[in-house]
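Asks: What follows is each chain in one-letter form.
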Amino acid sequence: SANGSSATGSDAASAGKTTIAMVTHGNPGDAFWDVVKSGAEQAGKDLGATVTYQGDGDPVRQSQLIDSAVATHPDGLIVSMANPDGVKASIEKAVAAGIPVITINSGLEESLAFGAQTHVGQSEYAAGQAAGKRLAKAGATKVICVIHEAGNTGLEDRCRGAADGLGSPVANVQVDIANLADAQNTIKSTLLADPTIDGVLSLNPGIAVAASQAITDAGSHAQLATFDVSKDVTTLIEAGSILFAVDQQPYSQGYLPVVFLTLQKRNGDVVGGGQPVFSGPGFVTKENAAQVATYAAHGTR
Amino acid sequence: MTGLLRRPEVGALVAAFGIFLYFSISTSAFLTPAGVATWLYSSSLFGIMAVAVALLMIGGEFDLSAGAMTGTTGLIVGIATTQWGLNVWLALVLALAAALLVGAFNAWLVTSTALPSFIVTLATFFILQGLNLAVTKLLTGTVAIQGLGAVTGFDQARVLFGSSFPLFGMDVKISIVWWILLTALATWVLLRTRFGNWVFAVGGQAASSRQVGVPVRRVKFGLFLTTAGAAWLVGMLQLFDVSTVQATTGIGQEFVYIICAVVGGCLLTGGFGSAIGAALGALIYGMALQGIVFAQWDSNWLKAFLGGMLLLAVLVNLGVRRQAGDRS
Amino acid sequence: MTGLLRRPEVGALVAAFGIFLYFSISTSAFLTPAGVATWLYSSSLFGIMAVAVALLMIGGEFDLSAGAMTGTTGLIVGIATTQWGLNVWLALVLALAAALLVGAFNAWLVTSTALPSFIVTLATFFILQGLNLAVTKLLTGTVAIQGLGAVTGFDQARVLFGSSFPLFGMDVKISIVWWILLTALATWVLLRTRFGNWVFAVGGQAASSRQVGVPVRRVKFGLFLTTAGAAWLVGMLQLFDVSTVQATTGIGQEFVYIICAVVGGCLLTGGFGSAIGAALGALIYGMALQGIVFAQWDSNWLKAFLGGMLLLAVLVNLGVRRQAGDRS
Amino acid sequence: MTAAEPLGAADARTPLLEVRGLGKSYGSVRALSGVTASIGAGEVLCVLGDNGAGKSTLIKVLAGAHGHTEGTLLAHGIEQHFASPRDALSRGIATVYQDLALVPLLPVWRNFFLGAEETVGHGPFRRLAVAAMRATTRDSLVTLGITLRDVDQPIGTLSGGERQAVAIARAVHFGAELVILDEPTSALGVTQAGLVLRYIARARDRGLGIVFITHNPHHAWAVGDRFLVLRHGTSLGEFARDGITLDALTGLMAGGEELDALGPLLGRPASAGDAL
Amino acid sequence: MTAAEPLGAADARTPLLEVRGLGKSYGSVRALSGVTASIGAGEVLCVLGDNGAGKSTLIKVLAGAHGHTEGTLLAHGIEQHFASPRDALSRGIATVYQDLALVPLLPVWRNFFLGAEETVGHGPFRRLAVAAMRATTRDSLVTLGITLRDVDQPIGTLSGGERQAVAIARAVHFGAELVILDEPTSALGVTQAGLVLRYIARARDRGLGIVFITHNPHHAWAVGDRFLVLRHGTSLGEFARDGITLDALTGLMAGGEELDALGPLLGRPASAGDAL
Ligand SMILES: Nc1ncnc2c1ncn2[C@@H]1O[C@H](COP(=O)(O)OP(=O)(O)OP(=O)(O)O)[C@@H](O)[C@H]1O
Ligand SMILES: Nc1ncnc2c1ncn2[C@@H]1O[C@H](COP(=O)(O)OP(=O)(O)OP(=O)(O)O)[C@@H](O)[C@H]1O
Ligand SMILES: [Mg+2]
Ligand SMILES: [Mg+2]
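Residue numbers (my numbering), protein chains in the order written: chain A, 1 to 301; chain B, 1 to 328; chain C, 1 to 328; chain D, 1 to 276; chain E, 1 to 276.
Fair warning: there could be bad hints in the mix.
Listed next, the in silico DSBU-like pairs over lysine-lysine satisfying Cα-Cα at most 30 Å (straight line) [what the hints assert, rightly or not]:
id, chain 1, residue 1, chain 2, residue 2
1, C, 137, A, 142
2, A, 93, A, 17
3, A, 142, A, 17
4, A, 133, C, 137
5, A, 137, A, 93
6, C, 137, A, 286
7, A, 286, A, 133
8, A, 142, A, 93
9, A, 137, A, 286
Source of the hints: derived by calculation from the structure; they are not laboratory data.
Looking at chain A on its own, in the form it has when it is part of the complex (with noise of 0.2 Å):
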């Protein structure tokens, strides 16, 4: 795995230290941008360049956290764009002041169209669309979708996706990320109420965990998908309790465009060439889980 005193970075030969900026929706405190934001840090580390992250899910304050890194002159930006709207003017500031910006995971279409370089990741909807195609592989047809997060665009794309893949209608589930107990709680009174569904999809390890529990709670026999990995997620998908995980793959989302961005301070590259790089969705099944086991453990899954 990456070793953080590698010795790439200590010869940075270009003037001054390269700073990179990450300025993404995700609010403190979520698995997932916990992820993204660790790979960058790492990036930097590896590169040594100075990465800073901030988020905030509000698409004002969001942009108000660009226009702040941009006023403090980075040499690249990189944002995501779960609503492209309220960030479009902000980006368009910071590529008009000349500071190359990538966007990552959400907002794959708009990202050219706002002078980004290149977009790293992959949709929230399209990640969803790819679990619902397997949840029907497995033989899902009613399935639920847990929001752990009431009104989060990027969790509401997830289960429209899954819908579409797996071509019929999910109901969400609404639970508090903030009370796991009682989200396994509602999970389970979901499946008591209607003994027909098959399939739950989580969308976050930590409820991924819970809804497994209320699967054996309520005595029901649905299969059981996650987004993102963790430590207890491999061990479940080892287990056969859980039947894969989508793996955005959060790490390389943050750890990519930071590596992008030096390169093209040292050296002028254009990683991408204007086309994206995707960075999933990978799947975590009973095959692989052993192995990304070790890293989710670490916070790098």
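Since the structure of chain A is provided, determine the placement of chains B, C, D and E with the ligands on it from the hints.
Replies: The following block gives chains B, C, D and E with the ligands in isolation, referenced to the frame of chain A:
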């Protein structure tokens, strides 16, 4: 009749009964053993905190940091066991000590500055919220602690906090037992001990209480420490149930506790309320929360429904109190 | 000296100056035109609401629904224009009417039941939060409304709410102008009009005010409507700035407004405070929020930092008031 | 500024206010009945009575807060039935309540004008006439013999007597011909009470009629022209100053007889020094 | 239950409490000086004085809330310097403050025992002796001649007189030999005040010493054995019942002379009916 109406929990009792009937009749899963076990469990987690918060409110204070504190305690145990390899029981004690420290800090600030506890605990809430996230990230590299199931001694502690036992065909979670015990204990303390008498007195009229020798400061310390202790317990119950804990655990729950206490008949202004009322408030909340799911309503309406319920409950309580001729 | 110290905003002024100096010196971007424009803009959105909430708090009431209401108004305009094809200006009026209705509802409940506004507006907060999500989802199928830029008339309205103009090399957002104007207006109203006099009186001693003929009920209505109006304005400023609105907009911000007002010297108990103080409180908040970005601190600590700041601010204010010999 | 001939002495023949057989019931509770009294310009009518005697009820009727249910009330000789305090106020009757209706944190001048603020300008530019109100407040207070350091200090920082004075000055300023004072001296020490009595005398000398409610017969005696004694909601009579002595008044109002009746129960002989 | 020979008359020779030249300064403010008085069992000492006279200051010293700064204080003939209210209480001196230190929403019996609850059981099973406390409350009140419908009703629903009675009964119950009452009748009507005076007489008859603070000389006269009159923090003397008349007392305490001195300023001749 008036005497009965004057009890704080009458409104909540009627409401709880109504909600119980409604969901029992309109959904098929609500009254099944598995269904009952679920909404009872849901209620119990809110209820334990609601009872503690109700005591605090009767004593004339608020605690907005209670929700975040449930997260803090869980995170401490998680970090201490998985990162530092501490013994589970030691970690439990460590977490309890930390919670009590925060409670004591709240109490100390409130009693020594006479600032409103709303502001003081709002600040603590923010601080805890920040620390939960930042410290967890710093020490573990992630924002959620997992792998607790593999910690030695985890299963022993789980008996106390995360187990369940069969009863009437239900799979009863141990937290329900804690809830009932603590509600009974709180009721007993409130109505049958000196401390309880003092809690009412301090919330009803702090100055008078001081004059007759009630140790106001000590009572407030006791109340904040009780809330902290309850936060620790709920943190443990959640942790050992799902064997994972997020850095964001508990945020936003502080309002729920206050809502349960108010629905249960506690006055925001102190000096009036009951532990049973708060427990009933939590029961209403838990039944509604799971009942909505059983009824397969669109969960997007959840918050609106809960808001309406709160409004209705306080209006009913108000009406009941007016009926009883109580103008305080 | 004592007279000066007695002004509510002294503490906030000192703190604002300190934070300004700190970030100006320790970061290079804070004082650049682009930097200043950003933190001013950030402050302005908090500030407009904080000033309105401060008026309400001086008048002795709370509004926890103010945050969610900024979302409601934005969503109404978004839905009305993109879904129903309503004219932008009509949609603006519709949103304003809806906000005022909610404000009037709050005021009506508070004045006619004498329930604490904390509970009443907590209920409204939950209801709005639920409606924002459910209705948006129902009508649009998503939780965020986009494509507003394409609505006819959008650009006209944007001049009022979403434009910016160059000044001293800065790109000044129009919301900063609104903020300054409203702070000035609120200060003028508070100190130089009958209504302002009544606001202080109602918050300071409602019973006495009623006796000398102050229309207490009307004043409270006025204050809740002002908060609602401010929520509408902030909703519009946000909407026309980013031309998108999410169903979760504004949730959690209600505390921020109260914090800004309290940091600016408002008493939670009413009857004391100032609009300028609240504006300074928002300035502190905005500077800190963006200053942390400039200083490249780990954003995980943000909340803890803000909590500490709140604590410090109220303690400083307390000290200042004690110095000034004011025991109220 | 010292004692002078009452300015309004000439008008004293038609009373400013007169009540005949006045009564007031709250539902079945008869709080007041058969009260007859009158008050002219430049006169002080003292209303005395123990707690619950009906003093506040009488004031509330005079002030227009409650309508009377029996008898007649005449202002300037014309029968009236006040519907509201504003109604009474418009006929020149102002009331200073015991709690003074002051807002402690507000500056003196804002309290002085609270609910009746003076404004300048029109439409949206209508604003408080701050300078004028400050000056008026200062002047009104000086007229009553009070000089404050600063009319901008919160009224909560004034002494009880000063606060009474502000309230009286306010009533006088707002064109009252008749000022009703509800126990203005009851919460004050001797010195402060003396000051308030002096303010009452000043106001009387400026030709105002004053209804002065108190339970201290000494205070009443110091400034009163007529004395109305209430007990249990009925009038024990209205006495002119020369028709009664302080001792008699004291005995009447404090319920000396009733206490004497209690005497045996208290294990004391009927007291030798009692006034009636 | 009616008037009887004071039970404790025999002990009256060594006073329960005696003060000699007692004084108290708050920093530079000399709130009280040179007060000499004594009170024996079965005696009522009335402390009279206008507002600000120093009555509360005297009580606070006797009750142990503040230490004295001059003179001596003797309980049962032994010199004392009380450090706290508990200290005074342990020497049998209980104080009933003017605001009564009651919690309105709490039931009567809980208020009765507040701060001194009786418990049964041990360790974690120690609990309130509810039945016993209810019974005690009812009995104590009956001894003073009060029968409540329900000792479980919130004390805020009792009348002022009843609340005073509960407070007095509480002081008596908790073993006080000497009960200090701060203006127990000032907020009450004649009937209620009469009741309270009767409770005082009952307590006295049971052998208690009573310090009764009031500004109503009639009330003092009705039950008092000795009278201590304060003005501006100094004693105008302690008088035995047969050494003074009610009139003299009235004049002394209400500051009749001072008001007379004000006379010319008020535009009145020095009043004819004044008592001194
Ligand atoms: N709103 C009311 N409804 C019913 N009874 C009332 C009402 N207001 C007063 N009373 C009764 O009328 C009687 C006279 O009361 P009032 O307040 O006039 O006495 P007061 O002389 O002003 O006493 P105090 O010196 O205590 O102010 C009392 O017995 C009181 O209980
Ligand atoms: N804590 C204190 N610090 C300074 N001065 C005080 C303090 N307490 C009382 N005084 C002063 O001592 C004097 C006597 O006050 P005290 O309260 O004993 O009077 P009182 O006779 O009880 O009056 P009232 O009838 O109003 O209760 C007053 O001038 C008062 O201002
Ligand atoms: Mg009265
Ligand atoms: Mg006193």
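Asks: Starting from the hint list further up, note which numbers the structure goes against and sort them upward.
Replies: 3, 5, 6 and 8
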